[in-house]
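Listed here are the chains, written in short residue letters.
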Amino acid sequence: MTPGTETLNPIERSSHGRFGDHTFRWVVAAAGLTVLAILALMIGSTTLDAIPVFASQGILNFLTGTTWDPGVSRTEITGTYQAGVFLFGTLVTSLLAIVLALPLSIAIALFLSDVASPRLARPLAYLVELLAAIPSVIYGLWGLHFFAPTVLKPIAKFLSDTLGFIPLFEGPVVAFNPFYAGVVLAIMILPIITAIVHEIFRAAPLAERQAAYGLGATRWEVMWKIVVPRSRPGIIGATMLGLGRALGETIAIALLIGGGTTINLSLFQQSESIAAKIVNTFQESAPEASNALIALGVTLFAITIVINMAARLIVRQLGDVSGEAIA
Amino acid sequence: MRATIRDATMTTPTMTDPAADPSARQASEAPPAGATLPPRPLVRSANAPGTGTAGRETDGTPGRPAVDLSDVSVYYGAFRAVRDVSFSVPTHAITALIGPSGSGKSTLLRAINRMNDLTPGSRLEGEVRYHGKNLYASDVDPVEVRRRIGMVFQKPNPFPKSIYDNVAFGPRINGYRGNLDDLVERSLRQAALWNEVKDKLKQSGLALSGGQQQRLCIARTIAVEPEIILMDEPASALDPRSTLQIEELMAELKENYTIVIVTHNMQQAARASDRTVFLNMGEDRAGYVVEVDETVKIFTNPREQLTEDYISGRFG
Amino acid sequence: MIAEVSLRATGARARRRAIVNAVMHVVLGLAVLAALIPLFLIIAVTIAEGLPAMTIEFLTSTFNFSRRVQGGGYLHGLIGTLYMGGLATLMAVPIGIASALFLTEFPKSRLAGPIRFFADVMTGVPSVFVGLFVYSLLVRQIGFGTFVGALSLAIIMLPIIVRSAEEILRTVPGDLKRGSYALGARQWQPVFRVTLPSAASGLTTGVMLAVARALGETAPLVLTALAAQTIVLDFQGQGQTALPLLIFREARGAFAAGQERAWAGALELMALVLLLSILARVIATRRASQ
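Residue numbers (this note's numbering), protein chains in the order written: chain A, 9 to 335; chain B, 2 to 317; chain C, 2 to 291.
Fair warning: there could be bad hints in the mix.
[As the list claims (entries may be wrong)] Once the Cα atoms are required to be at most 20 Å apart in a straight line, the calculated EDC-like pairs of lysine to aspartate or glutamate come out as:
1. C/K109 <-> A/D29
2. B/K203 <-> A/E216
3. A/K233 <-> B/E248
4. B/K162 <-> B/D182
[Stated by the list, open to error] Across the chosen pairs, the derived CB separations fall in these ranges:
5. C/S290 <-> B/D275: 44 to 52 Å
6. A/G28 <-> C/E58: 24 to 32 Å
7. C/R111 <-> A/A310: 24 to 32 Å
8. C/L37 <-> A/D169: 45 to 53 Å
9. B/Y77 <-> A/P162: 46 to 54 Å
10. B/D72 <-> C/A35: 42 to 50 Å
11. A/T170 <-> C/I38: 20 to 28 Å
Derived from the structure by calculation, the hints contain no laboratory data.
Quick caveat, the model's predicted, so the values are computed rather than measured.
Here a beta-carbon is modelled for each residue, glycine too, at the ideal position from N, C-alpha and C.
Using the sequences and the hints given, assemble the complete structure.
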């Protein structure tokens, strides 16, 4: 591509300026390529380490089996590495988080876009955003030593007492469980989903809202029958981005989920997620087990990347939305 | 009596529009028992479809105004957009609001169905009476006002839904009990759009041309069976042919509806309206009424020099 | 003369709609409250638990003895956090802003689309995976340490900076640049004399938010910095620690003394991160009002 200057300024060709332009161009292009290179390297390097693990276990076994029995070899794969338990734990906590966060996010975004005056909406939106600024480890600490024992435990006990016949809510309630992890995770992804959905709602044309008001719709009807339906693709995209974030969340879950080793349908029994497994056992792992953890990471990466790319494509198609809120 | 619009901005979920708040409504002076259920002068019963005027109680008093504005001033925050406006809107006629930009035509139009409530910081002084009832009284539900006084906007604004769903939107939220298919067809016929869209009712309303979209918006408005239709420069975004179609449509609609139209287009006002309100922008940048009269008089023999200057294109 | 018209919400249907409307407004308001309560609880509990333990000793010492004993502090963690955070900023900011310049100055390049898209995708990569990547690529060769920890943080910051810087640079009025071109300037000259200076405050905001995000990261550091018991100034090869790492280790410990330190550390970290976020916001707001 030709820099604009050459057309703007074709006569004056001082070699100094041209040299500067070329250098500038190559430097910024190289920087841009770094981004792509890092991503490529990321995939390449980890996959290379993970392949022996996938090969020795078989992909299907690796994904669906439920035995994780690490070996201690420095050079070969001697243990059994199957991710089923952790995959299940990851999905359960993430889905729980989405189920809790999504309706709340939509409600908050509606309040901010259609109910609150701009003067009120701006600081409120910022406060909700602040939730995203709090480090994961603080969520974990807070969840572990305050929120779970004082707020969530009674709720969990109540649910298992009244709905215990459903496998999902079967007791007893242990001290670390996916329910605690999922609820804290919901709080963590709430600001992410809210920010995007809010942006999407704000992009809904005033003219459509006015038309509905003009037909005698109440404000709630305008929100629920005009603003929300037209924003459905954006809401789906935002949900998927929130899901991607939830799947990859590590530290808070590592502190709350309990390090279970079997698949358990109950939300109140110990479980383990992929990311938590990685940080929980990394330090005691021999090289082959480290490779197995990298294989877990690659699996997680593959899932989140697919969800993320799909979500980005959906959100980007909407055009009006900058996506700035997502980072 | 002075009525003021409360700031429509909602600061807390419970601070709804005072008129929409049931408790506020109960507290206000209730009309004598029996008058609560209105002898709705405007609602046609569902089993008298299409005929429009059937059963309309206002028919007996043709000269009686549908809307009466007296000493209306509209403020946006500290800014007064319209000052001391008084005029009345006769039933089954087209009233045109004309005047240069900034003379407050749209603001006035929106005062008639309380759309201004939706603009934070807006406030109204004076009275807007609808069949004698002050629209800004505390026991008035703005939602009900907007159902009875429909609005067509400057730019066609169909919902991103199917043609059918666009027209059915209003009846659905109002819990229409009759045959919805019939109502949609009737409304589209009245809006002179039926023949063009009868085979593609499931298509998006956005796929129509600009003129068709505007007629869809008119059909959508008609479908909630209002008495009055407010039109805010409904043809300004359209080509001449579509403009003419809209004007013809208006002439038909006035059989069944009372129409108030804001227009920039002098010829349109002259051609299409029965009565004209000429507004101008004052020194204080607030709009005020210069002259109100039969359209014929305004355009042939205006009382005010200003009016003559304006309609002959000398300013504005 | 007809009787007075009523414009109240009459009839069961209209009344029900009015009630649903009012109820849903309350529900939406409660949803906002439901989000603000955890925010309040996190901040309040962290302050309440952390403040008593936040002594001069905590701020100025490392723990020189067993975790079960009271006393000692997280100075080594704070130094590690600032050390790695600073290094990561030095790595990520130039590359990030240069990439953003590429996207805004050469928008028609065939690379612009992919770079933008994959920068977006990178913001969604789990941070623990970034740690695994640096471990797999470098740590196995050159060991744990400050540099590899900082590198993992830089990779997390990079896409955030690219996207925020691009948004900011794009808002620099084209007139300014065209003005320079009209004076015979080359493309790179106005970039440094006009574009970057006039975008400075916005770029600062974006960088600060990215730094705030990086300073709070734990998972990648578990896999790269590993751990340290004392202050580590080595650039590479020696395990390093950080506030989040110390909090993570002691949060799950069984010892009350350790948990107290974890709360104090959380307060310290939260103050650092929220200060950066809020400051970034203030700069952004001031810029917007100009």
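(message) Of the numbered hints stated earlier in the document, which are not met by this structure?
(response) As far as the earlier hints go, 3, 6 and 8 are violated by this structure, in ascending order.
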